[in-house]
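A.B. asks: The working numbering numbers the first residue of the sequence shown as 439 and each following residue consecutively.
Keep in mind the hints are simulated off the structure, nothing from the lab.
Note that the structure is predicted; figures quoted are calculated from it, not measured.
A hint or two may mislead.
Listed next, the in silico DSS-like pairs over lysine-lysine satisfying Cα-Cα at most 25 Å (straight line) [stated by the list, open to error]:
{"hint": "1", "residue 1": "Lys633", "residue 2": "Lys695"}
{"hint": "2", "residue 1": "Lys765", "residue 2": "Lys933"}
{"hint": "3", "residue 1": "Lys873", "residue 2": "Lys694"}
Simulated restraints on C-beta separations [as the list claims (entries may be wrong)]:
{"hint": "4", "residue 1": "Met571", "residue 2": "Lys695", "range": "33 to 43 Å"}
{"hint": "5", "residue 1": "Asn504", "residue 2": "Glu550", "range": "35 to 45 Å"}
{"hint": "6", "residue 1": "Thr599", "residue 2": "His909", "range": "24 to 34 Å"}
{"hint": "7", "residue 1": "Val627", "residue 2": "Gly935", "range": "39 to 49 Å"}
{"hint": "8", "residue 1": "Asn504", "residue 2": "Glu635", "range": "17 to 27 Å"}
{"hint": "9", "residue 1": "Glu969", "residue 2": "Glu770", "range": "24 to 34 Å"}
{"hint": "10", "residue 1": "Glu853", "residue 2": "Lys545", "range": "43 to 53 Å"}
{"hint": "11", "residue 1": "Lys694", "residue 2": "Lys725", "range": "17 to 27 Å"}
{"hint": "12", "residue 1": "Lys899", "residue 2": "Arg488", "range": "49 to 59 Å"}
{"hint": "13", "residue 1": "Lys569", "residue 2": "Thr882", "range": "56 to 66 Å"}
Quick reminder that beta carbons are idealized off the backbone N, C-alpha and C, glycines included.
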Amino acid sequence: MKQKTTLKSTKTIKTTKKQTKKSDFSSLSQNRESFFQAKANILDIRDGERLIVLLNLEQATAFGINLHDKVTLKRQNGESIVADVAISDTVPAGEIGIYLDILDKVKFTSDEVISVALAESSTASYDAIRKKMRGEKISYEEMYAIIKDISENKLDDTMMTYYVASSFFYPTTDEEMYLTAKAMAECGVTFKYPKGEIIADKHCIGGVPGNETTMILIPLIASLGIKIPKNFSKSITSPAATGECVNVLMDINFDKKGIEKLVKEEDCCLVWGGSLDLAPADDKLIKVQYPLSMQSRAKVVSSIMAKKYAMGITHSLIDIPVGPTAKVTTMEEAKDWKKKFEYVGKKLGMKMSVAITKADEVIGNGVGAVLQVREVLRILQQHPERAKDLEDKVLHLASKIIQDVGLAKGKKALELAKSQLTSGKAWQKMQSIIKAQHGDPKITSETLKLGTHTYDILATKDGQMKVINLHDVNASCRKLGCPVINEAGMYLYKKLGDKVKKGEKIATLYALDDTKLDLGIERFKERSPFEY
Numbered sequence: 439m440k441q442k443t444t445l446k447s448t449k450t451i452k453t454t455k456k457q458t459k460k461s462d463f464s465s466l467s468q469n470r471e472s473f474f475q476a477k478a479n480i481l482d483i484r485d486g487e488r489l490i491v492l493l494n495l496e497q498a499t500a501f502g503i504n505l506h507d508k509v510t511l512k513r514q515n516g517e518s519i520v521a522d523v524a525i526s527d528t529v530p531a532g533e534i535g536i537y538l539d540i541l542d543k544v545k546f547t548s549d550e551v552i553s554v555a556l557a558e559s560s561t562a563s564y565d566a567i568r569k570k571m572r573g574e575k576i577s578y579e580e581m582y583a584i585i586k587d588i589s590e591n592k593l594d595d596t597m598m599t600y601y602v603a604s605s606f607f608y609p610t611t612d613e614e615m616y617l618t619a620k621a622m623a624e625c626g627v628t629f630k631y632p633k634g635e636i637i638a639d640k641h642c643i644g645g646v647p648g649n650e651t652t653m654i655l656i657p658l659i660a661s662l663g664i665k666i667p668k669n670f671s672k673s674i675t676s677p678a679a680t681g682e683c684v685n686v687l688m689d690i691n692f693d694k695k696g697i698e699k700l701v702k703e704e705d706c707c708l709v710w711g712g713s714l715d716l717a718p719a720d721d722k723l724i725k726v727q728y729p730l731s732m733q734s735r736a737k738v739v740s741s742i743m744a745k746k747y748a749m750g751i752t753h754s755l756i757d758i759p760v761g762p763t764a765k766v767t768t769m770e771e772a773k774d775w776k777k778k779f780e781y782v783g784k785k786l787g788m789k790m791s792v793a794i795t796k797a798d799e800v801i802g803n804g805v806g807a808v809l810q811v812r813e814v815l816r817i818l819q820q821h822p823e824r825a826k827d828l829e830d831k832v833l834h835l836a837s838k839i840i841q842d843v844g845l846a847k848g849k850k851a852l853e854l855a856k857s858q859l860t861s862g863k864a865w866q867k868m869q870s871i872i873k874a875q876h877g878d879p880k881i882t883s884e885t886l887k888l889g890t891h892t893y894d895i896l897a898t899k900d901g902q903m904k905v906i907n908l909h910d911v912n913a914s915c916r917k918l919g920c921p922v923i924n925e926a927g928m929y930l931y932k933k934l935g936d937k938v939k940k941g942e943k944i945a946t947l948y949a950l951d952d953t954k955l956d957l958g959i960e961r962f963k964e965r966s967p968f969e970y
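Take the sequences, apply the hints, and build the full model.
C.D. replies: Put into structure tokens, the structure is as follows:
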């Protein structure tokens with residue numbers, strides 16, 4: 439909930455124009471290139487999405503600034519940021535109210551004198567969007583102008599919506615996907631490594647519950663001396679993404695210097711991309727598309743590959759799970775995804791490998807952050823109850839990276855990957871990462887705390903497991919509290935083809951309270967994920 443704040447009155451301070459009486463402000467309203475100076479008043483308010491400032495109504499009008507306009511805030515040291523305007527008659531002239539979201543980007547201080555000017559988007563970005571709307575080809579310079587203005591918060595939601603919508607009216611060419619990815623990366627933070635150094639990466643396009651291969655594969659590959667810095671997102675629609683899972687064990691918020699230190703010392707990292715300005719336009723475009731749940735395939739590819747390029751990746755492995763209730767449902771779709779990733783990756787100078795993997799059921803047994811982390815630790819610690827299907831998938835993907843970087847080929851690559859698990863070297867590396875990222879390296883799979891309110895799903899008849907619907911698994915887990923509540927989720931005891939006996943446990947639901955548990959049970963009974 440947003441908190442209210444009391445705005446303290448301060449004396450109006452000198453602006454770049456001569457101070458005028460209240461009635462004289464209107465004479466300045468036509469000069470939209472003017473700027474004024476104001477004292478910063480840090481407000482105890484956080485919007486959560488937009489960068490917002492509160493301006494005095496009369497002073498804003500005098501300088502041609504209106505509600506929902508964008509202004510550039512400039513410090514005396516030259517540092518600047520673009521923010522969205524809100525208007526208030528409670529803010530004295532000569533003062534500007536600054537939301538806490540802005541301080542995440544620029545560390546303004548209370549009473550600091552700031553220059554305020556109307557922000558203008560470049561005409562190049564507007565012209566380029568018009569061309570896109572007409573279905574015309576645009577150059578890299580034009581694409582860069584669009585992405586730069588989005589990154590710097592100079593384009594409003596309406597213009598971004600026009601830009602996004604153009605991809606649904608006219609097909610995006612492979613070349614435009616590449617140009618978009620390159621521009622997105624170059625408008626944000628980028629990482630550089632010595633020429634010729636191998637920097638590996640693995641990315642899954644998602645859509646499958648469980649499937650936490652990243653947390654096993656990263657330490658496994660790093661234990662071989664291969665650099666593999668990993669940044670990831672948090673969940674939007676799934677019960678738990680890698681972001682929620684890694685955060686169960688360690689800190690995931692690091693700046694550029696922190697990441698560089700981790701990679702230098704550990705050959706890897708497991709960090710949240712949201713704490714960086716990594717391809718910053720991407721997050722803004724996702725928010726525009728989210729209400730309609732529409733995102734073109736080309737935009738997804740550009741988004742993913744932009745972040746790989748920004749991280750300095752030289753060898754990229756993309757995992758595309760395919761199954762009847764997964765994000766990608768057919769081989770035809772998967773091959774189109776594969777083609778797009780390969781084109782963009784190669785144009786960006788990466789060695790690309792795309793794995794199309796089977797996803798007709800939950801991969802592993804646990805769904806939900808802590809349950810998935812337990813699966814991860816069981817495999818790294820070689821626990822007798824580890825999920826064999828998840829382990830096999832990790833070894834398959836790891837062997838592909840091992841082949842791509844030239845360490846081994848064929849069966850030898852698979853054997854090398856397996857030996858890193860069975861020898862404990864992958865777990866030792868994970869312990870080192872956990873310690874470096876401020877976690878407890880002595881953690882074990884069986885000491886993790888799960889939701890204390892549980893419910894066992896029992897088979898109502900004899901049979902054989904025929905269907906595990908991923909959409910319904912996700913829906914039940916979200917009712918239980920995922921992804922917000924790490925301890926919530928579902929543990930599955932059966933795989934496709936397994937025999938089922940009446941009264942036998944099929945799954946266990948976990949929640950932190952009876953209310954969430956009841957909601958999860960209700961959703962499960964409305965539409966069970968299981969057919970047998």
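A.B. asks: If a hint holds in the structure, say so; if it doesn't, say that too.
C.D. replies: Going down the list of hints, with the structure as the test:
no., hint, result
1, Lys633 - Lys695, "holds, 20 Å"
2, Lys765 - Lys933, "holds, 20 Å"
3, Lys873 - Lys694, "holds, 19 Å"
4, Met571 - Lys695: 33 to 43 Å, "holds, 41 Å"
5, Asn504 - Glu550: 35 to 45 Å, "violated, 25 Å"
6, Thr599 - His909: 24 to 34 Å, "holds, 28 Å"
7, Val627 - Gly935: 39 to 49 Å, "holds, 47 Å"
8, Asn504 - Glu635: 17 to 27 Å, "violated, 51 Å"
9, Glu969 - Glu770: 24 to 34 Å, "holds, 25 Å"
10, Glu853 - Lys545: 43 to 53 Å, "holds, 52 Å"
11, Lys694 - Lys725: 17 to 27 Å, "holds, 23 Å"
12, Lys899 - Arg488: 49 to 59 Å, "holds, 53 Å"
13, Lys569 - Thr882: 56 to 66 Å, "holds, 58 Å"
The structure does not agree with the numbered hints 5, 8 stated previously, though it agrees with the rest.
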